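**Student:** These are the residues of each chain, in order.
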Amino acid sequence: MKNPLDSLWGTVICGLILTLALHMIVAHALGG
Amino acid sequence: MDWVPAISRWIHLLAGVMWIGLLYYFNFVNVAAAKAAAADGTAAGISKHVMPRALFWFRWAAVVTWLAGAALLGSNFGAAFLLQKSHMAIGLGAWLGTIMLFNVWVLIWPNQKKILGIVPATDEAKNKARRVAFLASRTNTMFSIPLLYFMAAGAHSALYFG
Chain Y
1 MKNPLDSLWG TVICGLILTL ALHMIVAHAL GG
Chain W
1 MDWVPAISRW IHLLAGVMWI GLLYYFNFVN VAAAKAAAAD GTAAGISKHV
51 MPRALFWFRW AAVVTWLAGA ALLGSNFGAA FLLQKSHMAI GLGAWLGTIM
101 LFNVWVLIWP NQKKILGIVP ATDEAKNKAR RVAFLASRTN TMFSIPLLYF
151 MAAGAHSALY FG
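Those protein sequences? They're chains Y and W, same order as listed.
Following the numbering used here, the numbering of the first sequence begins with 1 at its first residue and continues without gaps.
Following the numbering used here, the numbering of the second sequence begins with 1 at its first residue and continues without gaps.
Any given hint could turn out to be false.
[As the list claims (entries may be wrong)] Restraint ranges, calculated between C-beta atoms of paired labels, are given here:
(1) Y:Ala27 <-> W:Ala39: 40 to 48 Å
(2) Y:Ala21 <-> W:Val106: 21 to 29 Å
(3) W:Ser86 <-> Y:Ala21: 18 to 26 Å
(4) W:Ala39 <-> Y:Trp9: 32 to 40 Å
(5) W:Gly117 <-> Y:Leu20: 36 to 44 Å
(6) Y:Ala27 <-> W:Thr122: 44 to 52 Å
(7) W:Gly162 <-> Y:Met1: 36 to 44 Å
What the hints contain is simulated information worked out from the structure, not anything from laboratory work.
Quantities reported herein were computed from a predicted structural model and do not represent experimental measurements.
Where a beta carbon is used, it is the ideal one built from N, C-alpha and C, also for glycine.
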């Protein structure tokens, strides 16, 4: 499988997915 | 006016713009430009005149950004890095920024010194250095996206998590 970080847009999409995942974890932890 | 947090916040933003701005220059512009320049034999100008200067401001802006961020956290430094509920959003941003600072000084800069010929390296070592520096730079670009999200969320928690 190709490393998504080899592609600029793969990197951006990974960053957006990571943001969403971390947001959900923090929102859950804060009870929001 | 409380001068320390006020000036720290200002310096944090100034240095952060320089750090992330240069990171985006490397990733959004220079990777493709260096590849095209290598293909037509004009890459020497970039590696000799642009990269050393860009990397100087890049790595020291990273240090100033982190130090100003630490000063801005002040007595909340521990609460942020321990991800306590009251400081969880800014704490995640602080952790991401700290990992990115590590990547700059431990993975990107030492390998760029080999790539640019600042320190001697074999062709094999240079090829390995290119891959490590590239992936560390791309990792930082990926991390910058949630980093900036949590920087914004840290100051406006109710808006993001209310």
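**Student:** So, for every hint listed, does it hold in this structure?
**Tutor:** Hints versus structure:
{"no.": "1", "hint": "Y:Ala27 <-> W:Ala39: 40 to 48 Å", "verdict": "holds, 47 Å"}
{"no.": "2", "hint": "Y:Ala21 <-> W:Val106: 21 to 29 Å", "verdict": "holds, 25 Å"}
{"no.": "3", "hint": "W:Ser86 <-> Y:Ala21: 18 to 26 Å", "verdict": "holds, 22 Å"}
{"no.": "4", "hint": "W:Ala39 <-> Y:Trp9: 32 to 40 Å", "verdict": "violated, 22 Å"}
{"no.": "5", "hint": "W:Gly117 <-> Y:Leu20: 36 to 44 Å", "verdict": "holds, 41 Å"}
{"no.": "6", "hint": "Y:Ala27 <-> W:Thr122: 44 to 52 Å", "verdict": "holds, 50 Å"}
{"no.": "7", "hint": "W:Gly162 <-> Y:Met1: 36 to 44 Å", "verdict": "holds, 39 Å"}
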